[in-house]
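Undergrad: Line by line, the protein sequences give chains A and B. For the first sequence, the residue numbers in UniProt numbering are 1 to 329. For the second sequence, the residue numbers in UniProt numbering are 1 to 329.
The hints are simulated quantities; they were obtained by calculation from the structure and are not laboratory data. Keep in mind that the hints are not guaranteed to be accurate.
The list cannot tell twin chains apart, which means a pair is met if one copy fits it or any two copies do.
Unchecked claim - Below, in silico cross-link-like pairs of lysine-lysine (DSSO-like), each with a Cα-Cα straight-line distance of 27 Å or less:
#	residue 1	residue 2
1	Lys59	Lys45
2	Lys326	Lys197
3	Lys259	Lys3
4	Lys151	Lys188
5	Lys45	Lys259
6	Lys109	Lys326
7	Lys3	Lys59
8	Lys99	Lys197
9	Lys99	Lys326
10	Lys242	Lys259
11	Lys319	Lys109
All figures in this text were calculated on a predicted structure; none of them were measured in a lab.
2 protein chains.
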Amino acid sequence: MNKVKIGIIGYGNIGKGVEAAIRQSSDTELVAVFTRRNPESVVLKTPGVKVVEIKDAEKYKNDIDVMILCGGSATDLPEQGPEFAAMFNIVDSFDTHAKIPEYFATVNKAAMAANKTSVISVGWDPGLFSMIRMLSGAILPEGNDYTFWGKGVSQGHSDAIRRVTGVKNAIQYTIPIDDAVESVRNGKNPELSTRQKHLRECFVVAEEGADKAKIEADIKNMPNYFADYDTIVHFVSEDELKSNHSRMPHGGFVFRSGKTGIDTVNNHIIEFSLKLDSNPEFTANVLVAYARAAVRMNREGCHGAKTVFDVPLSYLSAKSHAELIKGLL
Amino acid sequence: MNKVKIGIIGYGNIGKGVEAAIRQSSDTELVAVFTRRNPESVVLKTPGVKVVEIKDAEKYKNDIDVMILCGGSATDLPEQGPEFAAMFNIVDSFDTHAKIPEYFATVNKAAMAANKTSVISVGWDPGLFSMIRMLSGAILPEGNDYTFWGKGVSQGHSDAIRRVTGVKNAIQYTIPIDDAVESVRNGKNPELSTRQKHLRECFVVAEEGADKAKIEADIKNMPNYFADYDTIVHFVSEDELKSNHSRMPHGGFVFRSGKTGIDTVNNHIIEFSLKLDSNPEFTANVLVAYARAAVRMNREGCHGAKTVFDVPLSYLSAKSHAELIKGLL
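Sequences and hints are given; from them, build the entire structure.
TA: Spelled out as C-alpha cells, the structure:
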C-alpha cells in the first residue's frame, strides 16, 4: 500500500503534534517540514526527515500528497491557505469563526483552479463540535444547542491580559459552570446568559512594583473579553506560572436538547464532550485523519474547498470499508 | 423547493415515529404508509395521507422519493430490504450487528441493479454510536473504545424473559454501572468484564400460582442473556408493569480514550452520550435525516448500499451548505 505522503507547514505546537500523529498511523509518512526559520535551527523528532525553507515548498509538488498548514488563523493562514491550495491538497485549522465563509471562498477558488482539494477549519471547534452541532440539529429539528468550552487555556484571553499595563505574563482558563452544564444535561432547556455559562480564571505575573489592584480592575472590566463574565484573578510568580500552568489542556461540551413525537412531549439529550490533555496534539491528530481524506477525495476528482460537513467519515480511517462495517458499525 | 416525498413501510412504533418526524421538517412530506394489515384498520395522525396494502407499494414508484423501512431486523428487513431496494431508494434500521455485512451485500446488489440508493443500519446503535466509534478511532489510533447502553429497555432480553415458564409479561432494563462509566471517563482505561459494565433489572408479571423462586433462578441462569451479569428480578402486577414500565426510554455512552504525542503521554477522552425519552421516536428522527441524504446521493448518481460511514454530514440537513458553514461550523 502506498503511504499518504504529508508535508507540514510551520513547526510550532500543532506542527509538532502533526509529526507525532503521523507516527501513530501506519499508512502516513512525513516527507518534510517547511519553516520560515533557518532550517538548520529546527530539529525534528523524526530521523531522516528534511527541514526546508518555506519558499522552496513548490519544489515538492510531486513528492507530497497533502500539506498540513499549522500556522495561526490571525495572519498565517489567510495568506498561506490560498497560496498552498493552488499547489497542493491541503488541510488546515482556520478557526476565526466569523471569517470562515470568506476564507472558504478564497481557498475554494484557488483549489478549484488547480484541481486540488482543501479541507479547511479542521480540529475540534471548528471541527468535531461543528459536526455534532450539525448532525444533532438535523436529527432534532425542534430543540436547543449548547456549547461549553473548557476547562482550558484560551490563547486569545491570555494574550489580552498580557497587553494590560504592568502585566509581565499571564494564562487564562475558560471554565464551564457546572450548574449550567447540569441544567442542560437534565433537559431543562435553560436560557443562559454569557455570565451563567463560563467563568474566567486568570493567573497573572505582575511586573515589579506594578499596581496589582489596578491590573485586576483593568482585566475584570475589559470589554468583550472579561466584562460580561465573572472573573477570578490570581497573582503568581513567573516560576509558579511556568511550573503549574504551562500545559495546554482543553475540552468542552456540545449538547442538543430536543423534542420528538406527534405531541412533541418526548425529550432527548445528545451530548458530546472532549477532555484533552493537549489541545494542539489532539487538533493535530484530527488534522492527520482529514489529510488522509483530502488525498482520497482528490483522487476521486472531488476538488475545491471542503469542510468537515462534506467528508464521508469512512475517508478518515486507514481501515477498509469492509473492516469498518464488520468491526465498528 | 420540492419536498422529499417519503413512504413508510410498517406502522409500528418506529413507523409512527417517522410520521411525527416528517412533520417536524419543512422539506419532507409523507406520501403513504404501507402495511400488511387491513389498511382500513390503520388510522394515521396525518390527515389526507393514504394507507396502502404493502403488496401495492410498487405502484408508488413514481410518487415516492424514498421509502423508510420500519420493520424488525429478525424477519421483516431481511426480506423487505432487498425487495424494496430494487424499487425505491430506502433507509432502514437493520440492527443485527453480526449479520450487517451479509445484509449490506444483498441490499447493495439489488440497489446497484436498479440504480437506487439504500442507506442501511441507520439509528443510534448501529448509527450514531458507530459514527463516533469510527471517527474517534481514526483520530486516536492508540486507545480504547468503550460502549455502554442504557438505562433502557432491551426488547431482546424482555422477550427472553417472557419465554420463561410461568412468566406472563416482563420488561428488562439494561443499566450501565456508574463506577465503570466514571473510571472510563477519568481516563483510567480499565479492563472491564461483562458483569462490570452492565446490570440487568427485570420487572416480571408471574402467572397465577407460578413458582416465583424458580422463575427468578431460570432468568438469572439463562446463558448469553443473563448468566454473565448481575441480575435483579422484581415481581410486579400487570397493572404496575403497564403504568410504570410502558415507556421506551434508552440511551448510552460511547467513549474513546487515547494517547498522543511523541512519547504518547497525553491522554484524551472523547465521550458521546444519548439520553432518550423514546427510543423508537429518536431512531425515527435519525431515519428521516438519512432519507433526505439517500435522495440527494441518488440524484448525484451515488448508487448501491450505504451506511452512516459513507454519507457526508451536510446531506442530512435541510439547510444550504452556505447556511451550515456560516451558522454551525
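Undergrad: Hint by hint, note whether the structure agrees.
TA: We went through each hint and held it up to the structure:
1. Lys59 to Lys45: Cα proximity of lysine 59 and lysine 45: one copy only (23 Å, versus 65 Å across).
2. Lys326 to Lys197: For lysine 326 and lysine 197, the Cα distance is within 27 Å only across copies (23 Å; inside one copy 41 Å).
3. Lys259 to Lys3: Classified as between: cross-chain Cα gap 22 Å, same-chain 46 Å, threshold 27 Å.
4. Lys151 to Lys188: Both ways: lysine 151 and lysine 188 sit 23 Å apart in one copy and 19 Å across, limit 27 Å.
5. Lys45 to Lys259: Between copies only: 17 Å across, 51 Å inside.
6. Lys109 to Lys326: Between copies only: 18 Å across, 39 Å inside.
7. Lys3 to Lys59: within (20 Å within a copy, 50 Å between copies)
8. Lys99 to Lys197: This pair counts as within: shortest intra-copy Cα distance 24 Å, inter-copy 45 Å.
9. Lys99 to Lys326: Between copies, since 9 Å is at most 27 Å while 41 Å is not.
10. Lys242 to Lys259: between (47 Å within a copy, 24 Å between copies)
11. Lys319 to Lys109: For lysine 319 and lysine 109, only the inter-copy Cα distance (23 Å) is at most 27 Å; the intra-copy one is 32 Å.
Against the hints set out earlier in the document, no violation occurs for any number.
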